[in-house]
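K.L.:
Go ahead and model the full structure; you've got the sequences and the hints to work with.
Throughout the sequence shown, residue numbering follows my numbering, covering 93 to 376 in sequence.
Some hints could be false.
[To be verified] Capping the alpha-carbon separation at 27 Å, the derived lysine-lysine pairs in DSSO-like fashion look like this:
| # | residue 1 | residue 2 |
| --- | --- | --- |
| 1 | 183 | 367 |
| 2 | 286 | 359 |
| 3 | 183 | 359 |
| 4 | 183 | 286 |
[Stated by the list, open to error] Here are the computed distance ranges between Cβ atoms for each label pair:
| # | residue 1 | residue 2 | range |
| --- | --- | --- | --- |
| 5 | 205 | 343 | 20 to 30 Å |
| 6 | 346 | 178 | 17 to 27 Å |
| 7 | 277 | 137 | 40 to 50 Å |
| 8 | 114 | 364 | 42 to 52 Å |
| 9 | 368 | 334 | 13 to 23 Å |
| 10 | 372 | 240 | 36 to 46 Å |
| 11 | 205 | 99 | 33 to 43 Å |
| 12 | 329 | 126 | 24 to 34 Å |
| 13 | 96 | 346 | 23 to 33 Å |
| 14 | 123 | 96 | 18 to 28 Å |
| 15 | 334 | 249 | 39 to 49 Å |
Worth flagging that the hints you see were computed from the coordinates, not collected in a lab. Just so it is clear, the structure is predicted and the values come from calculations on it, not from any experiment. Every residue, glycine too, gets a C-beta built ideally from N, C-alpha and C.
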Amino acid sequence: MRDHVTPEEVAFYRESGFVILRGFYTPDEIEAWRTQVWSAVEQRGDARILDGKPTANESTDFYANVFLQRVNLWEDHAGLRGLMLDQRFGKIAADLEGVDGMRIWHDQALIKHPWANQTSFHLDVCYWSFSSRHATSIWMALDDITPRNGCLYFLPGSHKTARFENVGIGPNMNALLTVYPDWSNIEPYCAEMKAGDVSFHNGLTAHAAGPNMTPRLRRAMSCGFMPDGARFNGTRNVLREDYFNSLTLGDELHNDHQNPLLYSRTKSNSIERSKAAAASGSFL
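P.N.:
Spelled out as structure tokens, the structure:
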């Protein structure tokens with residue numbers, strides 16, 4: 093696994109809102125990810141998140157056939173937790189965004205079944221419980237990802253003018269463009285990837301994924317990262333109910349059990365304590 097990004101990659105990311113890092117994992121490393129992700133998905137069963145409460149549009153026929161989505165698998169699967177709580181993720185995310193530190197917001201397995209629908213254009217951070225222009229996500233290709241089986245598409249530079257207005261992931265690929273009509277003429281970047289490649293994209297970069305037009309699974313793993321010091325905006329998203337009920341608007345989201353600190357330039361002594369808390373299985 094790579095442990096750094098080059099100045100050229102940082103510059104591309106900040107200008108475009110995304111970057112593709114080729115050969116991020118060796119074949120053996122990505123096989124370990126495939127094994128642990130699939131084990132975690134099977135262990136979780138039908139529950140998207142641990143409390144089992146669906147999202148607003150999860151039960152619609154269209155959304156149900158976009159992807160199989162299982163969120164925060166690190167919380168209840170020890171093997172995946174060992175892979176996900178890796179300081180190198182946090183360092184790369186912090187370097188790309190130029191911030192002091194990064195916490196896990198949530199991971200998610202994103203598995204498109206054969207003949208699955210497209211994932212329409214959307215912005216990630218607008219769904220989350222904090223508002224920041226420096227959130228970012230890693231997206232790992234567990235299989236070769238092509239235009240035929242559902243690769244990502246980015247609208248380069250859209251993060252610069254995004255206003256924290258969003259749409260749900262519905263059947264209209266262009267719904268987000270009714271909110272941001274100036275983006276309609278941006279040429280999308282088709283992010284074809286080999287297994288072991290990853291992308292990072294800013295939480296305000298518009299992105300989508302095509303349908304899976306093959307009889308095989310398209311497997312990917314993602315994780316959103318929250319800048320250390322981010323504050324609660326009133327949205328629940330994946331926050332556990334008891335934790336959500338304990339928060340007031342503007343509170344700092346620094347609970348190590350919910351959002352472990354992966355990397356910090358100034359809080360290096362806190363990282364192992366945070367990861368130990370996250371691995372303990374206790375909460376609040």
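K.L.:
Confirm or reject each hint.
P.N.:
Do the hints match the structure? See the list:
no.: 1; hint: 183 with 367; verdict: holds, 15 Å
no.: 2; hint: 286 with 359; verdict: violated, 35 Å
no.: 3; hint: 183 with 359; verdict: holds, 13 Å
no.: 4; hint: 183 with 286; verdict: holds, 23 Å
no.: 5; hint: 205 with 343: 20 to 30 Å; verdict: violated, 39 Å
no.: 6; hint: 346 with 178: 17 to 27 Å; verdict: holds, 20 Å
no.: 7; hint: 277 with 137: 40 to 50 Å; verdict: holds, 44 Å
no.: 8; hint: 114 with 364: 42 to 52 Å; verdict: violated, 31 Å
no.: 9; hint: 368 with 334: 13 to 23 Å; verdict: holds, 21 Å
no.: 10; hint: 372 with 240: 36 to 46 Å; verdict: holds, 43 Å
no.: 11; hint: 205 with 99: 33 to 43 Å; verdict: holds, 40 Å
no.: 12; hint: 329 with 126: 24 to 34 Å; verdict: holds, 27 Å
no.: 13; hint: 96 with 346: 23 to 33 Å; verdict: holds, 26 Å
no.: 14; hint: 123 with 96: 18 to 28 Å; verdict: holds, 23 Å
no.: 15; hint: 334 with 249: 39 to 49 Å; verdict: holds, 40 Å
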